[in-house]
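Quick note, the sequences are listed as chains A and B, same order.
Numbering-wise, my numbering puts 72 at position 72 of the first sequence, and it's gapless, one number per residue.
Numbering-wise, my numbering puts 1110 at position 110 of the second sequence, and it's gapless, one number per residue.
No lab work stands behind these hints: they were computed from the structure.
Be careful, since some hints might not be right.
As the list claims (entries may be wrong) - Covered by chain B, per the in silico footprint, the following chain A stretches (three or more residues, Cβ under 8 Å): (1) 14 to 20; (2) 117 to 126.
Stated by the list, open to error - Label pairs and their in silico Cβ distance ranges: (3) A:K264 <-> B:T1161: 49 to 57 Å; (4) A:A293 <-> B:W1066: 29 to 37 Å; (5) A:L262 <-> B:D1109: 26 to 34 Å; (6) A:G267 <-> B:L1143: 36 to 44 Å; (7) A:A301 <-> B:L1062: 54 to 62 Å; (8) A:A13 <-> B:S1119: 43 to 51 Å; (9) B:I1084 <-> A:L10: 30 to 38 Å; (10) A:A13 <-> B:L1163: 36 to 44 Å; (11) A:T107 <-> B:S1119: 15 to 23 Å; (12) B:D1109 <-> A:A13: 14 to 22 Å; (13) A:A13 <-> B:L1062: 24 to 32 Å.
Model, not experiment: these values are computed from the prediction.
Positions of the beta carbon are idealized from the N, C-alpha and C atoms, including for glycine.
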Amino acid sequence: MRLDRILALLLIAICFVAAIGNWMNGPLSRSDSSFTESPSVGLANVALIPVRGVITATSDSPVGNSTSSSDDIVRAIRRARKDNVKAILMPINSPGGSAAASQEVYTELMRTRKETAIQIVASMGDVAASGGYYVASAAHHIVANPSTLTGSIGVIIQSTQVSGLLNTIGVRPVTFKSGTYKDILSPFRDPTEGERALVEGMIQDTYQQFLDAIVSGRRNLPLTALKPLADGRIFTGAQALKAGLIDSLGNYSDALKKAAELAKIQGEPTVKNYLTPRFPDLLSGFISRSAEALIPGYRDAKLALWNKVPLTLME
Amino acid sequence: MLSAFYSAIFRPTERRTPDNQVAWLIGGLVILILAFNAAGAIGAGTLGLLMLVLVFAFAGLLGLYWLSASVHLLAIAMGGHGTIQATVGAIVQGLWPLLLTGPAIAAMDWSVRFGQLFSIAVSLGVYVTLVIAIQRAHHLGWLQALLCLAITLAVSVLALTGLILWPLMVFWGM
Chain A
1 MRLDRILALL LIAICFVAAI GNWMNGPLSR SDSSFTESPS VGLANVALIP VRGVITATSD
61 SPVGNSTSSS DDIVRAIRRA RKDNVKAILM PINSPGGSAA ASQEVYTELM RTRKETAIQI
121 VASMGDVAAS GGYYVASAAH HIVANPSTLT GSIGVIIQST QVSGLLNTIG VRPVTFKSGT
181 YKDILSPFRD PTEGERALVE GMIQDTYQQF LDAIVSGRRN LPLTALKPLA DGRIFTGAQA
241 LKAGLIDSLG NYSDALKKAA ELAKIQGEPT VKNYLTPRFP DLLSGFISRS AEALIPGYRD
301 AKLALWNKVP LTLME
Chain B
1001 MLSAFYSAIF RPTERRTPDN QVAWLIGGLV ILILAFNAAG AIGAGTLGLL MLVLVFAFAG
1061 LLGLYWLSAS VHLLAIAMGG HGTIQATVGA IVQGLWPLLL TGPAIAAMDW SVRFGQLFSI
1121 AVSLGVYVTL VIAIQRAHHL GWLQALLCLA ITLAVSVLAL TGLILWPLMV FWGM
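Take these sequences, add in the hints, and give me the full structure.
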């Protein structure tokens, strides 16, 4: 291809990609955000790192960006540290997530607390329960709305037993395994005593890690005071304040003020969102949303594929 | 077509009459890029974007009709020799700097000042390329081409005012 044609194509591509980026920066980054900030321009002294939706290791989801990836959050925390911000503000709106992913974020925040003078403030939205609280507990200060749902401190593993149903319709699964526990949590039979003990041991171990993490993060909450609260119950923000699970009541602006106060920022704090979606994520989100809007049944088909169940069972 | 597109942008003085295919390509791209930018500014979704593309295409055709008619009339009055097809093609091709509005707005994410300067340069660039296009299509001098465009833009504003005032005048008079 001649150079002039390549240059022409390149110019068209750059202009087009930039325009698509302008569009996606508008609706996609603002659509499910419960807060708005000035554009990320120049040096900021407060890093905004929102945690939204289910906390998972990666943000692969069949229904757009309804999950928070611990990989992305940890990367954002590291970038904020590198930029020498004075405070990290984490708006949390999450019902929880996997233990490992929550732990990943918690560990990075605790490392930041230990190695730097960066002040971390968590601002709870509608829900900050279980893994959401796990992450919040690494903050120097937790702010929640009076009606925020939080707590749910505990660990749960569930399995569905379908052997009765399969017997009724005459289906008998056959399992070949290399070891006694290879089909632990199998939906096709009742768990054995050994399996129960094993799973309960795992749950207790993870639960203890959860409690230890909260105690390390929240210095004013000893294990003896925490244990009675950590039976899986949920609290409103007001109840959580009385129980000592959070530090103050307020909204996002109050949390920002608190972050500025703790970090001793003079004047108006400059906030920069460190978790702006990457272009490939924006593009896949855009394609997903467009397909959902234009192709009837696309969302159901994708969910069925993701859950590995036939589409007929979804209806 | 890509070669012709390249020539229209980087070697505008190479051809006297504009290439129709290139004009359509530039016109279509400008409408799409402006629609994407506008959709981003107002936070429109996919359907909103489609509506914006349709509205911009319609508005673009109306604007093109008015601009071509006015420029052609003035150019002929000043001794120009171009055809109406050449005028339409020249005006559409002259709008090519608007393609750069995408990168100009995107540049604001990095530096607001640079983005603003880029946007001003794009706006000035549109006037410059339109003047070049009119001058080439009608074999006019620089000043005549500049006058053609300036009078057209001034009359456009006045015509818009007249369009609003005239129904009001009739309404009140009745």
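Each hint tested on the structure:
no. : hint                           : result
1   : 14 to 20                       : holds (count 7)
2   : 117 to 126                     : violated (count 0)
3   : A:K264 <-> B:T1161: 49 to 57 Å : holds, 56 Å
4   : A:A293 <-> B:W1066: 29 to 37 Å : holds, 34 Å
5   : A:L262 <-> B:D1109: 26 to 34 Å : holds, 29 Å
6   : A:G267 <-> B:L1143: 36 to 44 Å : violated, 53 Å
7   : A:A301 <-> B:L1062: 54 to 62 Å : violated, 42 Å
8   : A:A13 <-> B:S1119: 43 to 51 Å  : violated, 21 Å
9   : B:I1084 <-> A:L10: 30 to 38 Å  : holds, 33 Å
10  : A:A13 <-> B:L1163: 36 to 44 Å  : holds, 39 Å
11  : A:T107 <-> B:S1119: 15 to 23 Å : violated, 44 Å
12  : B:D1109 <-> A:A13: 14 to 22 Å  : holds, 19 Å
13  : A:A13 <-> B:L1062: 24 to 32 Å  : holds, 29 Å
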